[in-house]
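Q: Following the hints, position chains B, C and D with the ligands against chain A.
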Amino acid sequence: MLRIDIEQLAEAAVVRVAGDADMASSTQLRDAVLGLLENCSQGRVVVSMSETSYIDSSAVASLVEGLQLATRRRVRFGLAGLREGPLQVLRSTRLIDVFEMHDSEEDALKA
Amino acid sequence: MLRIDIEQLAEAAVVRVAGDADMASSTQLRDAVLGLLENCSQGRVVVSMSETSYIDSSAVASLVEGLQLATRRRVRFGLAGLREGPLQVLRSTRLIDVFEMHDSEEDALKA
Amino acid sequence: MFGEVAVRIVSDPKWLRLVRGVVEQSCLGFGAREEAATAVVLAVNEAVSNVIRHGYDGDTTRPIRIACRRDGEMIEVCICDHGIEAEFLSRELLPPDELRAGGRGLYMIRTLMDEIEYRREDGQNRMYLRKRLLQHVAES
Amino acid sequence: MFGEVAVRIVSDPKWLRLVRGVVEQSCLGFGAREEAATAVVLAVNEAVSNVIRHGYDGDTTRPIRIACRRDGEMIEVCICDHGIEAEFLSRELLPPDELRAGGRGLYMIRTLMDEIEYRREDGQNRMYLRKRLLQHVAES
Ligand SMILES: Nc1ncnc2c1ncn2[C@@H]1O[C@H](COP(=O)(O)OP(=O)(O)O)[C@@H](O)[C@H]1O
Ligand SMILES: Nc1ncnc2c1ncn2[C@@H]1O[C@H](COP(=O)(O)OP(=O)(O)O)[C@@H](O)[C@H]1O
Numbered sequence: 001m002l003r004i005d006i007e008q009l010a011e012a013a014v015v016r017v018a019g020d021a022d023m024a025s026s027t028q029l030r031d032a033v034l035g036l037l038e039n040c041s042q043g044r045v046v047v048s049m050s051e052t053s054y055i056d057s058s059a060v061a062s063l064v065e066g067l068q069l070a071t072r073r074r075v076r077f078g079l080a081g082l083r084e085g086p087l088q089v090l091r092s093t094r095l096i097d098v099f100e101m102h103d104s105e106e107d108a109l110k111a
Numbered sequence: 001m002l003r004i005d006i007e008q009l010a011e012a013a014v015v016r017v018a019g020d021a022d023m024a025s026s027t028q029l030r031d032a033v034l035g036l037l038e039n040c041s042q043g044r045v046v047v048s049m050s051e052t053s054y055i056d057s058s059a060v061a062s063l064v065e066g067l068q069l070a071t072r073r074r075v076r077f078g079l080a081g082l083r084e085g086p087l088q089v090l091r092s093t094r095l096i097d098v099f100e101m102h103d104s105e106e107d108a109l110k111a
Numbered sequence: 001m002f003g004e005v006a007v008r009i010v011s012d013p014k015w016l017r018l019v020r021g022v023v024e025q026s027c028l029g030f031g032a033r034e035e036a037a038t039a040v041v042l043a044v045n046e047a048v049s050n051v052i053r054h055g056y057d058g059d060t061t062r063p064i065r066i067a068c069r070r071d072g073e074m075i076e077v078c079i080c081d082h083g084i085e086a087e088f089l090s091r092e093l094l095p096p097d098e099l100r101a102g103g104r105g106l107y108m109i110r111t112l113m114d115e116i117e118y119r120r121e122d123g124q125n126r127m128y129l130r131k132r133l134l135q136h137v138a139e140s
Numbered sequence: 001m002f003g004e005v006a007v008r009i010v011s012d013p014k015w016l017r018l019v020r021g022v023v024e025q026s027c028l029g030f031g032a033r034e035e036a037a038t039a040v041v042l043a044v045n046e047a048v049s050n051v052i053r054h055g056y057d058g059d060t061t062r063p064i065r066i067a068c069r070r071d072g073e074m075i076e077v078c079i080c081d082h083g084i085e086a087e088f089l090s091r092e093l094l095p096p097d098e099l100r101a102g103g104r105g106l107y108m109i110r111t112l113m114d115e116i117e118y119r120r121e122d123g124q125n126r127m128y129l130r131k132r133l134l135q136h137v138a139e140s
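If you read the sequences in order, they're chains A, B, C and D.
Be aware that the first sequence starts at 1, since it is given in this note's numbering, and climbs by one per residue.
Be aware that the second sequence starts at 1, since it is given in this note's numbering, and climbs by one per residue.
Be aware that the third sequence starts at 1, since it is given in this note's numbering, and climbs by one per residue.
Be aware that the fourth sequence starts at 1, since it is given in this note's numbering, and climbs by one per residue.
Treat the hints loosely; a few may be bogus.
Stated by the list, open to error - On the chain C side, residues computed to face chain D include the following (Cβ under 10 angstroms):
id, residue
1, 15
2, 63
3, 134
To be clear, the hints were calculated from the coordinates, so they are not data collected in a lab.
Even for Gly, the Cβ is constructed at its ideal location relative to N, Cα and C.
So here's chain A without its partners, still in its complex pose (with noise of 0.2 angstroms):
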């Protein structure tokens, strides 16, 4: 139900998210991002949500640990292209404001 696909471009790598991330597929996130985390120092890793559909207190839990993993390593972490549910759930855990968002996967690789 979780499709992940990372591509490392020259600045950056990306993480696109497809399908819904809950308790049944949320530690294939954690896996995909920490992993990827763990092999960088520097640059700068964007994950893309335009696919996601669904994202549950678990998978957002992933993306914290990505975000403080990324900070200790000095990465900067960004996510994409959010939906309205996605961005729902982000809201009500009041986390919304913590992530550097933004609307598409092309305005991260810019900004």
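A: Frame of chain A, contents of chains B, C and D with the ligands only:
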């Protein structure tokens, strides 16, 4: 759940059916198709179904009634743009060869 | 091992869409392929519509329970209701291509499913629809 | 008049998607607007995930029943399970913006729903989540 939109062109009337046509909604389809045909003589009617996600046997019955009334009124009657689900229903009721079928609304209007 | 998924509704046609969603997700969860899942969804939709229309004569307030489970290499869906007895399994099938309106629901169910069983017990109707997960290719 | 929609699953996370679909369709069928339906879906998803994770300690074979109904101007969802007693309603809420992983499910539920009730009866847990259909605009 079902949206029906009728467009009267110079040579044909197009009935666009969007959504699920099941027991809860197929009378809407029946009313639209039969109502239209009752005011037609000659010419043609194309039922455009590229946005129709589901049809059940009651929707099939409405289309069969449409075909019969069309034949009596010498109106050419065709279906266009069916998705896999509705096609499977016509196949399983062995009606697939009974209807004039077109891949798309455009094809139907050209044919 | 696979468990069971059951949904209970009242006999209002507005819930058919929900039932289709549950049956589709269940079939996929039980390991069915898209095509088999679609067939089961179509058949269950017809069976439940029949219960509403005939079994309950259009009353939209009566209970219907739809339970899906995996039984070996089969998906089994049981549709349970308290409507009138349905001795319709003994009826003849619609001859193909006949141009009458209506009367195609049972034909669809039989075409789409591998096994159909009907039981009347304690004033309840139970219709079991079964579909093989793997379509055995006919030997030639 | 509106009836009830209930779904029963075993406690495997793979059925969460199906539960979300049922709850969404039910809310819409009961007359909720898209936004309210989404909120109920998010809250129920968290509550059911908690039952699987904590109530049943990850056992994927235990029963969970989710029943949705309309009660006046409210949508009510009851989540019923046989897991350990959940005295968690007395816990304090997560302080907003705190950067810890986990511990956000209950916070989401409370933010998204208008009323929450928990009862332990006969070895069963029943959690009632209620959402008003019409959001009353605060008078200014
Ligand atoms: N659940 C049921 N309870 C009672 N009678 C039924 C039931 N399902 C089907 N029948 C009978 O079988 C007939 C054929 O059903 P079907 O093929 O679905 O066509 P239709 O519903 O369009 O008549 C119905 O007209 C009805 O008399
Ligand atoms: N259904 C439940 N049964 C037992 N304990 C629960 C249940 N739901 C929540 N809890 C307890 O409440 C705590 C907080 O839950 P929650 O906010 O959802 O965060 P998380 O599940 O990430 O720990 C859990 O860690 C658990 O101890």
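Q: For this structure, which hints from the list above don't hold up?
A: Violated hint (a single one): 3; every other hint is consistent with the structure.
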